[in-house]
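Given next are the chains, with one letter for each unit.
2 protein chains.
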Amino acid sequence: MFRFELHHQDAGTAARLSTFHTPHGPVQMPAFMPVGTQGTVKGLTAQQIAATGAQMVLSNTYHLALRPGDEVVRDLGGLHAMMGWSGPILTDSGGFQVYSLAERTVVSEEQAVFRSHIDGSTIELSPERAIAIQQNLGSDVAMVLDHVVALPCPPEQLREATERSIRWAARCQAVAQRPDQCLFAIVQGGLDPVLRVDCAERLASMNFPGYAVGGLSVGETPDQMRETLQATMPAMLADRPRYLMGVGRPEDLLMAIGLGIDLFDCVMPTRNGRNALAFTDAGPIRLRNLKHQRDPKPLESGCPCAACRHSRGYLRHLFVAGEMLGPILLTIHNLTYYQRLLAASREAIAADRFAQFCTERRAGWSDAG
Amino acid sequence: MFRFELHHQDAGTAARLSTFHTPHGPVQMPAFMPVGTQGTVKGLTAQQIAATGAQMVLSNTYHLALRPGDEVVRDLGGLHAMMGWSGPILTDSGGFQVYSLAERTVVSEEQAVFRSHIDGSTIELSPERAIAIQQNLGSDVAMVLDHVVALPCPPEQLREATERSIRWAARCQAVAQRPDQCLFAIVQGGLDPVLRVDCAERLASMNFPGYAVGGLSVGETPDQMRETLQATMPAMLADRPRYLMGVGRPEDLLMAIGLGIDLFDCVMPTRNGRNALAFTDAGPIRLRNLKHQRDPKPLESGCPCAACRHSRGYLRHLFVAGEMLGPILLTIHNLTYYQRLLAASREAIAADRFAQFCTERRAGWSDAG
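Top line first, the protein sequences correspond to chains A and B. Residue 942 is where the first sequence starts when you use our numbering, and the numbers rise one by one after that. Residue 942 is where the second sequence starts when you use our numbering, and the numbers rise one by one after that.
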């Protein structure tokens, strides 16, 4: 039910063009998944998500397990039926949220024990439970539970968390049962290239149908992220999807695509959209700025999204007046921007001009005032 | 550019089927206008508003004059261009908001002087200014500025406010200039049938292209509203649109249609939708109720709206989780419900069975638990 087709590798970079087939349809890669944390991409109907060009969405195990509860999701027909989203869905494992959101987390070999950020109740998340939840959710791609640590981290502690992540990946693999759901492993190892390569190789030997790079975009510099990714990529199997979790800015996406990453998710376009920041080829626009008050231009000429049927002046008014439609329209625009960036990247790879494409885009972005 | 076509009057009631032609297209009446206070029906794109079946929307002079300012709206191409709404638009005059929202309002013969509810700044609204603002907004239908009073009101004060409303209507009429904008008068008179009839007759003699009944739905009982409307309707010209401002619940709409009202606006479907209350043929549903947690049924079977592609369980989850999509979907559902109610009313009038239709609908609503 799952198949990865590698179509072409760019002549000048490691960027690659591929299709990932899932029970809910194919994903043309490189691809970007909008984040639908609580079973909804904030403010958008399923129809509006599809209209941005999104092929696959991400939803969060941690949040859905807390609310409405994974058994409720199952009883409502699973995540696809509940959201009304007929395309592929990937669910994370909760590892990152246990690290970033939960209160008083204690990680033992058995499991993570933490307090809910919603009501303070105690919750136990083991690798087996992370898989059981994701099986109830019914996503196309489930992720193994990993042990994410804050950086910088003492070497011994980082090594232990990475070793534990590998053991937990094996426990996840042992209990994953749904034939219509595949399980991706997550390479950890902080900013240590040796640890990263070791982790990637050992997970590769376990033959997962897809691999993610986790534990990045947690506060390190862009250079550190790139160097870590550069060191890790050669150790990641080339014949399966490679997913960089939680990244990132448009320039981060181009950098990672150039290193051979196929799949992304990030709250950047949605969260920034809700905060009145719009991405464009000429760099970001801050809509609250007074200079947009009477500006009749759309955010980006030629953009087919619902926001770009309006003037910057109207969009600014919506934010200043505290109207929901402002965040909604900018979320639509930013997701459309990301999808168009990915579509253009795929075209550039197909034409063996990805490096040139990156140079052109970066020049446009840095022109911004 | 404006024409009112009366097609048919129901055999058993005063309900009527008509078309009101405007520069932005025809409106099949009886019709309901969703309220887009600040130039946006809260949470909905123009495309989503149209998908509910809405033909014409209302926007508020008071709010737009304060923010972003009517000259800004004009500079952004007028309200139609700014909102991206290509159908007809009606703007109220600000009279009701000066009464209900503004702080420290002082009404003299010349104008109303009040403080903005946003920043406390002093604003003067004369009949001439109300028209100038609406001309900048560029709505299809403008409303005269009226002097709305709180009920109950001493008879002498009510009479004076009603007389002033008539004088202000004449001042509005004297300065209204846009050929692509028509001006409706507003019948006032509180709950006094004699005053209402007098006001209606005197405004009728001034030959406005349309007439509204104002100053109702301000705290009186449903019986008082019906009795006042019953007394007023015979004095309102039959050959022009008759608009009941700010009304109301589904049962109020049927009552008023039966008395010969053609046009409505109300925040009831949108405001209630944002508060998790959904209208259905079996009465209202409160989505936050725990009993909906695992309910796979849509709000209303057979409803074509975007909300009804989802389960009640999912909609409840969205509200409990504080997700914007909950208010958005329930707004869509409630507006669709109102539009379907109006469309069914028009069909019933055409078939000379409006009274029976009302009986059937009321029976369904009162079945609610």
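One or more of the hints may lead you astray.
Stated by the list, open to error - As a list, the in silico EDC-like pairs of lysine to aspartate or glutamate whose alpha-carbon atoms are at most 16 Å apart:
{"#": "1", "chain 1": "A", "residue 1": "1238", "chain 2": "A", "residue 2": "1264"}
{"#": "2", "chain 1": "B", "residue 1": "983", "chain 2": "A", "residue 2": "1097"}
{"#": "3", "chain 1": "B", "residue 1": "983", "chain 2": "B", "residue 2": "1222"}
{"#": "4", "chain 1": "B", "residue 1": "1238", "chain 2": "B", "residue 2": "1222"}
{"#": "5", "chain 1": "A", "residue 1": "1238", "chain 2": "B", "residue 2": "1264"}
{"#": "6", "chain 1": "A", "residue 1": "1232", "chain 2": "B", "residue 2": "1016"}
{"#": "7", "chain 1": "B", "residue 1": "1238", "chain 2": "A", "residue 2": "1016"}
{"#": "8", "chain 1": "B", "residue 1": "1232", "chain 2": "A", "residue 2": "1264"}
{"#": "9", "chain 1": "A", "residue 1": "983", "chain 2": "A", "residue 2": "1264"}
Claimed, not checked - Label-pair ranges, simulated between beta-carbon atoms:
{"#": "10", "chain 1": "A", "residue 1": "949", "chain 2": "B", "residue 2": "1263", "range": "37 to 47 Å"}
{"#": "11", "chain 1": "B", "residue 1": "1098", "chain 2": "A", "residue 2": "1010", "range": "37 to 47 Å"}
{"#": "12", "chain 1": "B", "residue 1": "1027", "chain 2": "A", "residue 2": "1234", "range": "22 to 32 Å"}
{"#": "13", "chain 1": "A", "residue 1": "1046", "chain 2": "B", "residue 2": "1301", "range": "57 to 67 Å"}
{"#": "14", "chain 1": "A", "residue 1": "1010", "chain 2": "B", "residue 2": "1308", "range": "27 to 37 Å"}
Rather than coming from a laboratory, the hints here were simulated on the basis of the structure. Beta carbons are placed, not taken as given, at the ideal position from N, Cα and C, and that holds for glycine.
Evaluated hints:
no.	hint	result
1	A:1238 / A:1264	violated (20 Å)
2	B:983 / A:1097	violated (53 Å)
3	B:983 / B:1222	violated (24 Å)
4	B:1238 / B:1222	holds (15 Å)
5	A:1238 / B:1264	violated (31 Å)
6	A:1232 / B:1016	holds (14 Å)
7	B:1238 / A:1016	holds (12 Å)
8	B:1232 / A:1264	violated (31 Å)
9	A:983 / A:1264	holds (15 Å)
10	A:949 / B:1263: 37 to 47 Å	holds (44 Å)
11	B:1098 / A:1010: 37 to 47 Å	violated (58 Å)
12	B:1027 / A:1234: 22 to 32 Å	holds (24 Å)
13	A:1046 / B:1301: 57 to 67 Å	holds (58 Å)
14	A:1010 / B:1308: 27 to 37 Å	holds (31 Å)
Violation of the numbered hints given earlier is confined to hints 1, 2, 3, 5, 8, 11; the remaining hints are satisfied by the structure.
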